[in-house]
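> Got chain A; can you put chain B with the ligands on it based on the hints?
First to last, the protein sequences are chains A and B.
So for the first sequence, my numbering puts the first residue at 51; every next one is plus one.
So for the second sequence, my numbering puts the first residue at 428; every next one is plus one.
None of these hints come from the bench; they were simulated from the model.
Misleading hints may appear alongside valid ones.
Claimed, not checked - Listed next, the in silico SDA-like pairs over lysine to any residue satisfying Cα-Cα at most 20 Å (straight line):
(1) LYS193(A) x GLU591(B)
(2) LYS466(B) x VAL680(B)
(3) LYS298(A) x ILE321(A)
(4) LYS193(A) x ARG589(B)
(5) LYS193(A) x LEU587(B)
(6) LYS223(A) x ILE249(A)
(7) LYS298(A) x THR270(A)
(8) LYS276(A) x SER296(A)
(9) LYS193(A) x TYR635(B)
(10) LYS281(A) x VAL265(A)
(11) LYS223(A) x GLY176(A)
(12) LYS193(A) x GLU225(A)
(13) LYS298(A) x ASP286(A)
(14) LYS193(A) x SER169(A)
(15) LYS193(A) x LEU588(B)
(16) LYS193(A) x PHE580(B)
(17) LYS263(A) x HIS245(A)
(18) LYS662(B) x ARG486(B)
(19) LYS234(A) x GLY268(A)
(20) LYS263(A) x GLY67(A)
(21) LYS173(A) x GLU225(A)
(22) LYS193(A) x ARG630(B)
(23) LYS298(A) x ARG277(A)
(24) LYS193(A) x ARG633(B)
(25) LYS173(A) x GLY224(A)
(26) LYS281(A) x PRO251(A)
(27) LYS263(A) x ASP75(A)
(28) LYS497(B) x LEU536(B)
(29) LYS193(A) x LYS497(B)
(30) LYS193(A) x LYS466(B)
(31) LYS223(A) x ALA252(A)
(32) LYS193(A) x LEU536(B)
(33) LYS193(A) x PHE553(B)
(34) LYS193(A) x ARG636(B)
(35) LYS281(A) x ASN90(A)
(36) LYS662(B) x PHE553(B)
(37) LYS223(A) x GLU207(A)
(38) LYS662(B) x SER461(B)
(39) LYS173(A) x LYS234(A)
One-letter residues, chain by chain:
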Amino acid sequence: MNPAIEVVGLSYRYPDGTVALDGVDFSIERGSSVALLGPNGAGKSTLLLHLNGLLRGEGIVRILGREMEEATLPWVRRQVGLVFQDPDDQLFMPSLEEDVAFGPRNLGLSEREVEVNVSWALKVVGLTGMAGRCPHHLSFGQKKRAALATVLSMRPEVLILDEPTSNLDPRSKGEVISLIGELKRRGTTILTAIHDVNIVPAIADQVLLLDRKVVEFGPTREVLVKRGLLKGLGLDVPAIADLFISLKDGGQYPGEIPFTRDEALSALAQIVDR
Amino acid sequence: MSHLEIDGYSHLASPIHRWDPRVKIASLLLLTFSIVLLKSLAVALLGLAFSAAILLISRLPFSYVLQGIKWPLLFLLPFPLILPLTVDGESFFILYGLGFSIEGLEQGLVMMTRGVAAVVLIYPIFGSSPFNTTVHAMRSLGLPEALTQIFLFAYRYLFLLREEFASASRSLASRGFIKGTDAASIRVLGAALGMLFIRSYERSERIYRAMVSKGYGGDLPSADRFRMEGRDLLKALIVLGLALGLQGLDWMVIG
Ligand SMILES: Nc1ncnc2c1ncn2[C@@H]1O[C@H](COP(=O)(O)OP(=O)(O)O)[C@@H](O)[C@H]1O
Ligand SMILES: [Mg+2]
Numbered sequence: 051m052n053p054a055i056e057v058v059g060l061s062y063r064y065p066d067g068t069v070a071l072d073g074v075d076f077s078i079e080r081g082s083s084v085a086l087l088g089p090n091g092a093g094k095s096t097l098l099l100h101l102n103g104l105l106r107g108e109g110i111v112r113i114l115g116r117e118m119e120e121a122t123l124p125w126v127r128r129q130v131g132l133v134f135q136d137p138d139d140q141l142f143m144p145s146l147e148e149d150v151a152f153g154p155r156n157l158g159l160s161e162r163e164v165e166v167n168v169s170w171a172l173k174v175v176g177l178t179g180m181a182g183r184c185p186h187h188l189s190f191g192q193k194k195r196a197a198l199a200t201v202l203s204m205r206p207e208v209l210i211l212d213e214p215t216s217n218l219d220p221r222s223k224g225e226v227i228s229l230i231g232e233l234k235r236r237g238t239t240i241l242t243a244i245h246d247v248n249i250v251p252a253i254a255d256q257v258l259l260l261d262r263k264v265v266e267f268g269p270t271r272e273v274l275v276k277r278g279l280l281k282g283l284g285l286d287v288p289a290i291a292d293l294f295i296s297l298k299d300g301g302q303y304p305g306e307i308p309f310t311r312d313e314a315l316s317a318l319a320q321i322v323d324r
Numbered sequence: 428m429s430h431l432e433i434d435g436y437s438h439l440a441s442p443i444h445r446w447d448p449r450v451k452i453a454s455l456l457l458l459t460f461s462i463v464l465l466k467s468l469a470v471a472l473l474g475l476a477f478s479a480a481i482l483l484i485s486r487l488p489f490s491y492v493l494q495g496i497k498w499p500l501l502f503l504l505p506f507p508l509i510l511p512l513t514v515d516g517e518s519f520f521i522l523y524g525l526g527f528s529i530e531g532l533e534q535g536l537v538m539m540t541r542g543v544a545a546v547v548l549i550y551p552i553f554g555s556s557p558f559n560t561t562v563h564a565m566r567s568l569g570l571p572e573a574l575t576q577i578f579l580f581a582y583r584y585l586f587l588l589r590e591e592f593a594s595a596s597r598s599l600a601s602r603g604f605i606k607g608t609d610a611a612s613i614r615v616l617g618a619a620l621g622m623l624f625i626r627s628y629e630r631s632e633r634i635y636r637a638m639v640s641k642g643y644g645g646d647l648p649s650a651d652r653f654r655m656e657g658r659d660l661l662k663a664l665i666v667l668g669l670a671l672g673l674q675g676l677d678w679m680v681i682g
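Excised from the complex, chain A in its bound form (with noise of 0.2 Å):
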């Protein structure tokens, strides 16, 4: 076993009274795909934000292995990248290549390095001609993808996304979704904190399912299908899963319960072949 990640017993109560995390147990696999689902107020951004020590809660947080302390955050920040829900709140920098290059050279690499990093960040995300523009008069699905930009350029081995696509229109959503799918396929370990479950099986092996501590932690089609469970914290199941777990529930489908629109054709196909 040889987590990336490793949460044990952690708990967080905010200064005003309110009790964020209490007793969040789990551990992710390198190189995994999760997504964290849980309603308003579950203390998702909360959690997310001691994974790389921005936030100290009590309990033990591990980090390929190593435990969270003070003398360890410097190493951890650059092994876990994390991309906050508003990018107003990271393109801090004059110009977008600014805002890119100054984690690299927080990180102190060489200029040359430096400059690898942040054209092949740039490319990553689609942005390769916007290096010289300021950030402020990027379009909103722009400035979501410089945001993640500006973590990417640190290389780093895990990759924290909190909800990632929302407010994006349909086409930057698929432009994000591929994008999660491609630094996957490099190796990163990757969490994602999200609302829209319809897009989680197309991003997480697995779903670890949040209200202040861990409800469920396991594979995306069988957390996903838990009709009731999700319900229960104000949760959707896939608009696709859900139609065919009523045709299962009334005995007209058999089969796997399909996630994607060409798995509910051949689904379909199946029923009207019966």
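Relative to the frame of chain A, chain B with the ligands by itself:
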């Protein structure tokens, strides 16, 4: 964009634009100080001519500069009208018992001329390089790190704050709010401003987190490496000559 973008024409090509920003800022600021210290009207007018010439050389559009300096100008123009009334001296003309003094008029004109000359120079100094380059140059001239960062972030987030302010006013207007001076409308405005304040406070916290998570430890990394050449020094010497020349003339005239 608006007057907030003092660097809106920093992409132009001119001898001022090509000047090493550090040398440019230092020597033009020196010229500004020299002009502001002048006492003779004739020499101050010469200083104004130098400023105008430097502005011309910088090729910054006149209408754009005028747009930016019109408020300071409005503030400077009344000097020649007010000072004759308040400065003692030989009255050259009496109206309703108020004496207009010649010394006052001259002092007022000197103040106005020096002020206009200094304001005109702001644009060649700060408008001929991208704002962040200017700030980095000022840092390498000894501007403290904290001030450098405050300038950079203020510039970046001014736009955002303005948008948030505009969206708050739109949201008030769309719900039928009309700005007035009665207690109720001041209460609403106060609440809206308070909300804006809290929002920007929370935003600053999130920005700080984003910076720390990317390895920020107090210093902003910068790649701006300035290169000084003979030409930069030559320009600096010319401007230095102008600054000293003005002081010399002033000394000869006033004594
Ligand atoms: N800075 C804060 N101060 C106090 N309470 C907070 C703060 N940030 C979040 N909370 C509270 O902590 C809980 C978890 O919030 P969060 O982690 O943002 O949830 P999620 O990201 O899942 O929507 C919520 O009840 C929220 O109101
Ligand atoms: Mg959140």
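> Look at each hint and say if it fits the structure.
Cross-check of the supplied hints:
no.: 1; hint: LYS193(A) x GLU591(B); in the structure: 17 Å, holds
no.: 2; hint: LYS466(B) x VAL680(B); in the structure: 9 Å, holds
no.: 3; hint: LYS298(A) x ILE321(A); in the structure: 11 Å, holds
no.: 4; hint: LYS193(A) x ARG589(B); in the structure: 18 Å, holds
no.: 5; hint: LYS193(A) x LEU587(B); in the structure: 13 Å, holds
no.: 6; hint: LYS223(A) x ILE249(A); in the structure: 9 Å, holds
no.: 7; hint: LYS298(A) x THR270(A); in the structure: 19 Å, holds
no.: 8; hint: LYS276(A) x SER296(A); in the structure: 12 Å, holds
no.: 9; hint: LYS193(A) x TYR635(B); in the structure: 18 Å, holds
no.: 10; hint: LYS281(A) x VAL265(A); in the structure: 13 Å, holds
no.: 11; hint: LYS223(A) x GLY176(A); in the structure: 14 Å, holds
no.: 12; hint: LYS193(A) x GLU225(A); in the structure: 13 Å, holds
no.: 13; hint: LYS298(A) x ASP286(A); in the structure: 18 Å, holds
no.: 14; hint: LYS193(A) x SER169(A); in the structure: 16 Å, holds
no.: 15; hint: LYS193(A) x LEU588(B); in the structure: 17 Å, holds
no.: 16; hint: LYS193(A) x PHE580(B); in the structure: 17 Å, holds
no.: 17; hint: LYS263(A) x HIS245(A); in the structure: 17 Å, holds
no.: 18; hint: LYS662(B) x ARG486(B); in the structure: 16 Å, holds
no.: 19; hint: LYS234(A) x GLY268(A); in the structure: 18 Å, holds
no.: 20; hint: LYS263(A) x GLY67(A); in the structure: 17 Å, holds
no.: 21; hint: LYS173(A) x GLU225(A); in the structure: 13 Å, holds
no.: 22; hint: LYS193(A) x ARG630(B); in the structure: 16 Å, holds
no.: 23; hint: LYS298(A) x ARG277(A); in the structure: 13 Å, holds
no.: 24; hint: LYS193(A) x ARG633(B); in the structure: 16 Å, holds
no.: 25; hint: LYS173(A) x GLY224(A); in the structure: 17 Å, holds
no.: 26; hint: LYS281(A) x PRO251(A); in the structure: 18 Å, holds
no.: 27; hint: LYS263(A) x ASP75(A); in the structure: 8 Å, holds
no.: 28; hint: LYS497(B) x LEU536(B); in the structure: 18 Å, holds
no.: 29; hint: LYS193(A) x LYS497(B); in the structure: 35 Å, violated
no.: 30; hint: LYS193(A) x LYS466(B); in the structure: 53 Å, violated
no.: 31; hint: LYS223(A) x ALA252(A); in the structure: 11 Å, holds
no.: 32; hint: LYS193(A) x LEU536(B); in the structure: 51 Å, violated
no.: 33; hint: LYS193(A) x PHE553(B); in the structure: 28 Å, violated
no.: 34; hint: LYS193(A) x ARG636(B); in the structure: 18 Å, holds
no.: 35; hint: LYS281(A) x ASN90(A); in the structure: 14 Å, holds
no.: 36; hint: LYS662(B) x PHE553(B); in the structure: 17 Å, holds
no.: 37; hint: LYS223(A) x GLU207(A); in the structure: 23 Å, violated
no.: 38; hint: LYS662(B) x SER461(B); in the structure: 17 Å, holds
no.: 39; hint: LYS173(A) x LYS234(A); in the structure: 17 Å, holds
Hints 29, 30, 32, 33, 37 from the list above are not met by this structure, while the remaining hints are.
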